[in-house]
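Trainee: Sequence:
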Amino acid sequence: MLVVGLLAAVGLSAVPPSTPPAWAATQEDEVFARVNSERSANGLQPLSRDSTIEAAAEQWAQHLSDSGTFEHSSNDWRSARIPAGWNSQGENIARGYTSSDAVMTGWMNSDGHRRNILSSSYTRIGIGYVAAGNYWVQIFAGYSADTRPPLSAGMPTLTGTPAVGQTLTAQTGTWGPSPVSLSLQWFRGGTAIAGANGTTYTTTFLDAGARLSVSVTGTKSGYRTTTVSSASTAEVATDKVVERIDGSDRYAVSVAIATKAYPGTAPVVFVASGENYPDALAAGPAAAKEGGPLLLTPGSSLPPSVEEAIRRLAPDRIVVVGGVKSVSEAVVTRLKTIQSEVDRVAGADRFEVSRNLAVRSFSDTPPSRVYVVTGNTFADALSAGAAAAAQQVPVILVNGVQSSADASTLDTISELGVTKVTIGGGPNSVSPGIEASLARLLPDTTRLAGADRYVASQAISRDAYPGTASQVLLSTGLNFPDALAGAAWAGVISAPLYVVPGNCVPRGVVEEIYRVNASTVSLLGGQASLTPEVKKLAVCG
Numbered sequence: 248m249l250v251v252g253l254l255a256a257v258g259l260s261a262v263p264p265s266t267p268p269a270w271a272a273t274q275e276d277e278v279f280a281r282v283n284s285e286r287s288a289n290g291l292q293p294l295s296r297d298s299t300i301e302a303a304a305e306q307w308a309q310h311l312s313d314s315g316t317f318e319h320s321s322n323d324w325r326s327a328r329i330p331a332g333w334n335s336q337g338e339n340i341a342r343g344y345t346s347s348d349a350v351m352t353g354w355m356n357s358d359g360h361r362r363n364i365l366s367s368s369y370t371r372i373g374i375g376y377v378a379a380g381n382y383w384v385q386i387f388a389g390y391s392a393d394t395r396p397p398l399s400a401g402m403p404t405l406t407g408t409p410a411v412g413q414t415l416t417a418q419t420g421t422w423g424p425s426p427v428s429l430s431l432q433w434f435r436g437g438t439a440i441a442g443a444n445g446t447t448y449t450t451t452f453l454d455a456g457a458r459l460s461v462s463v464t465g466t467k468s469g470y471r472t473t474t475v476s477s478a479s480t481a482e483v484a485t486d487k488v489v490e491r492i493d494g495s496d497r498y499a500v501s502v503a504i505a506t507k508a509y510p511g512t513a514p515v516v517f518v519a520s521g522e523n524y525p526d527a528l529a530a531g532p533a534a535a536k537e538g539g540p541l542l543l544t545p546g547s548s549l550p551p552s553v554e555e556a557i558r559r560l561a562p563d564r565i566v567v568v569g570g571v572k573s574v575s576e577a578v579v580t581r582l583k584t585i586q587s588e589v590d591r592v593a594g595a596d597r598f599e600v601s602r603n604l605a606v607r608s609f610s611d612t613p614p615s616r617v618y619v620v621t622g623n624t625f626a627d628a629l630s631a632g633a634a635a636a637a638q639q640v641p642v643i644l645v646n647g648v649q650s651s652a653d654a655s656t657l658d659t660i661s662e663l664g665v666t667k668v669t670i671g672g673g674p675n676s677v678s679p680g681i682e683a684s685l686a687r688l689l690p691d692t693t694r695l696a697g698a699d700r701y702v703a704s705q706a707i708s709r710d711a712y713p714g715t716a717s718q719v720l721l722s723t724g725l726n727f728p729d730a731l732a733g734a735a736w737a738g739v740i741s742a743p744l745y746v747v748p749g750n751c752v753p754r755g756v757v758e759e760i761y762r763v764n765a766s767t768v769s770l771l772g773g774q775a776s777l778t779p780e781v782k783k784l785a786v787c788g
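Residue numbers (the working numbering): 248 to 788.
Hints may contain errors.
[Stated by the list, open to error] Dumping the calculated BS3-like pairs for lysine-lysine here, alpha-carbon to alpha-carbon at most 25 Å:
hint : residue 1 : residue 2
1    : Lys487    : Lys783
2    : Lys487    : Lys667
3    : Lys507    : Lys487
Just so you know, these hints were derived from the structure itself, not from any lab.
A quick note: this is a predicted structure, and the numbers were derived from the prediction, not measured.
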């Protein structure tokens, strides 16, 4: 038994805190290939990759990374985790090497590590790698049963188009001596796909953005079991049309969204602050009801891009949402050079602004319902605003931590003549006391919530869109500007808006996209908000 450690002289400071599992698996694959290349060059049989030994190696690498230590696992620790029946075992560890090539070069240039890699007593290997700290572990073991002659293994190949809904076919290659019993396992990003064990595999939305591969294991009495893997496919392409609505800043994004919604003119334009969210949360549904876009502006001055967009839209009137602290009189003065009819909807606070907007825009005909959301945070209100805009109903903001709905909110709901209240968000957003007081006013009061903002977004949109929708909108749930303007557009095209993390799409959101049978997915914002992984519709986790 030989256990040997290797510490890189450089490379410890620029280590990312985490790395995608698929990339880590690729590093392990490259180490495995290099090990057997070195053994072949020295006239030795290749090692087989043992999944149980690999799990132990990955566990120890993770332990080293988590603890920040650099030490070998004990003989007892390894013996308890690798398959029984070994007659020899060993371990190489390393830290600080940033690539598979670098760590293998280091190991091969170190006598003890080299002896492990080129030992004729070993027949199996497991490899672990963790990017946080760049910890590498090789565990070797020798089994007398493995000294049986190897099978002649075919090299599996894949045919077909790597796109969602397409079928890939695995050719196992020629194995001998015949007959050889073959079993297959398909992998997504290096992780086995449960139940995917046939010669064909039809891709699903879970595969979008991932690379697929297949392993073939051959077994025959009197011969060593052998597993070989195919090359990976290109990244699986989504079957949806995915577009990005982008701009140089949040104001330009609102202009781009307005242009998509209203390529010609519009009878009205709503303008709200892009520096804070409360006023604009309620403005999106009001803008959709009155037939115009919502554009964002800094409080102190009107951006040229926004002014140009308003001139192109040639509205009959402009509605400024919020008081002078949100949108200054200087902005209003500039707007009046475009259209003299400029109205301001303001209030003592964000809650009153939302009530005044509801009464102004929704009093002509009693709306079917009203959405009530907290005005203290934005996450739940983003999807609620889009759902409200599509149904042409208002959103009213409340101070969600209060023990009951205030009299002004109850009076406004009564004045609107609605018969249904929908609360967007869980009890931490809108308190049970507020829910109870709303239910006393209108028994048809329901709450749409979830474990987090992303699940709540799904619940709100699923309720608003029980049927189909040809288009859906995605916006980051970590910031507010892009979704504010998107809510008004959602109302124009009757599209649900889901909030997502910046670097992937929750599985529930992708399931919703397919449930409503959307053909187009529109991303609101640039790559700083929604990364290319989101555009691939790559599922989180």
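Trainee: If a hint holds in the structure, say so; if it does not, say that too.
Mentor: Against the structure, the hints come out as follows:
1. Lys487 x Lys783: Distance of about 9 Å is within 25 Å: holds.
2. Lys487 x Lys667: 35 Å, violated
3. Lys507 x Lys487: Holds, at about 19 Å.
In the structure shown, a violation is registered for the earlier hint numbered 2 alone.
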